[in-house]
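K.L.:
Listed here are the chains, written in short residue letters.
4 protein chains.
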Amino acid sequence: MTSRIESGEAAAGAHAHPLAPRPDGATLLKRLNRIEGQVRGIGKMIADDRYCIDVLTQVSAVQAALDAVALQLLEHHLHGCVQHAVKSGRGDHAIDEAMVVIRKFAR
Amino acid sequence: MTSRIESGEAAAGAHAHPLAPRPDGATLLKRLNRIEGQVRGIGKMIADDRYCIDVLTQVSAVQAALDAVALQLLEHHLHGCVQHAVKSGRGDHAIDEAMVVIRKFAR
Amino acid sequence: MTSRIESGEAAAGAHAHPLAPRPDGATLLKRLNRIEGQVRGIGKMIADDRYCIDVLTQVSAVQAALDAVALQLLEHHLHGCVQHAVKSGRGDHAIDEAMVVIRKFAR
Amino acid sequence: MTSRIESGEAAAGAHAHPLAPRPDGATLLKRLNRIEGQVRGIGKMIADDRYCIDVLTQVSAVQAALDAVALQLLEHHLHGCVQHAVKSGRGDHAIDEAMVVIRKFAR
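Order-wise, the sequence lines are chains A, B, C and D.
Quick note on this note's numbering: the first sequence kicks off at 82 and runs consecutively.
Quick note on this note's numbering: the second sequence kicks off at 82 and runs consecutively.
Quick note on this note's numbering: the third sequence kicks off at 82 and runs consecutively.
Quick note on this note's numbering: the fourth sequence kicks off at 82 and runs consecutively.
These aren't lab readings, by the way, just hints derived from the structure by calculation.
There may be inaccurate statements among the hints.
[To be verified] Quick list of in silico lysine-lysine cross-link-like pairs, DSS-like style, CA-CA up to 25 Å:
hint	chain 1	residue 1	chain 2	residue 2
1	C	K125	D	K111
2	C	K111	C	K125
3	D	K185	B	K185
4	B	K168	A	K111
5	A	K125	A	K111
6	D	K185	C	K185
7	B	K185	A	K185
8	A	K185	D	K185
9	B	K125	A	K185
10	D	K125	C	K111
[Said to hold, decoys possible] Covered by chain B, according to a simulated footprint, are these stretches of chain A (three or more residues, beta-carbon under 8 Å):
hint	region
11	148-155
12	175-182
Glycine residues also receive a C-beta, built at the ideal position from the N, C-alpha and C atoms.
Just chain A, same shape as in the assembly (with noise of 0.2 Å):
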């Protein structure tokens, strides 16, 4: 099998996540699916006008908490697809494929 870091690009299926299980797949997807019923909640507060200030904080949480989902997903997959990757003489690759998203979520 041709995983996605050898192939360097993104395939339809499954991803092996070699040396570490995904770990709180369950609790991502928990996290996700709190998430997409707050935006859905700031599409009603603008819907029915309500105070900017009030959606404002709303979508600050938002983003607060998809902050946390990425940085987790950050770290696992340092852990695990970076760590493998490294050990399999192709971590510069990955730790380039690292920082490209690492400089989207930095300031």
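Based on these hints, arrange chains B, C and D on the given structure of chain A.
P.N.:
Coordinates of chains B, C and D only, in the frame set by chain A:
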């Protein structure tokens, strides 16, 4: 009528937006609907155990979309509610309130 | 005297800060001096080839200190210049100008 | 020699940067010197009571310059120290340590 700025708390009803009707209410709602769909898509990616980097890239796209919504809401709020509050002698309170959310979005 | 908000450009001279004297000018200067020293310290850490994580921790401390300065300046600006501009009928311009810098500091 | 990753604390001496010499040490130092000068310039702008928006624009430029330094240091650290740690069986510790600083720079 007691505006929410005067009362300093979030009421459940409609918000008058003195001086400036909220522009793009329909556009904002459409954006929020799209963001809700994106969040649902991220949940599906996690359920399908998709490659972490691809999931993170999607999370980052949602964050950027929420940032845009937040800045549009803030701009509207400053032009409308805050200007109105300043002209009504309640500017300091409205600005303090705006700073609270600006701090949440600042890096 | 033409204020900088009216002229819409940066003049080299002193700035009147209508309605609100810039509070804590001395405090701000003291903070900036401390930040300047911290940046010098980071340069020294790099020259001494100090451990990356320690250097990064210091960079992050400087960023936090600059964030605090920026938010203090912005708060002062909104309470002073922007309120004055609104009362003088030039509020929309002053708010557009403030939004440009808020966007720079937003995530 | 006990590396700083092993000891988990900041030592005062030079840092070996296993596997990868810190690239651009001179470039980084030049950048830091420029940033130090920019911070000094901001202090002067405040002393001269320059227009808040102009000061904020300069603060934002310094933040962007520090972000670039931080990302360059982090990238170097991941390619060098972290890869080396992974190959030496100390990867989990090195990644936990890197996540601490990544969290500081994340939004």
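K.L.:
Report the numbers of all earlier hints that the structure fails to satisfy, in ascending order.
P.N.:
Violated hint: only 4; rest satisfied.
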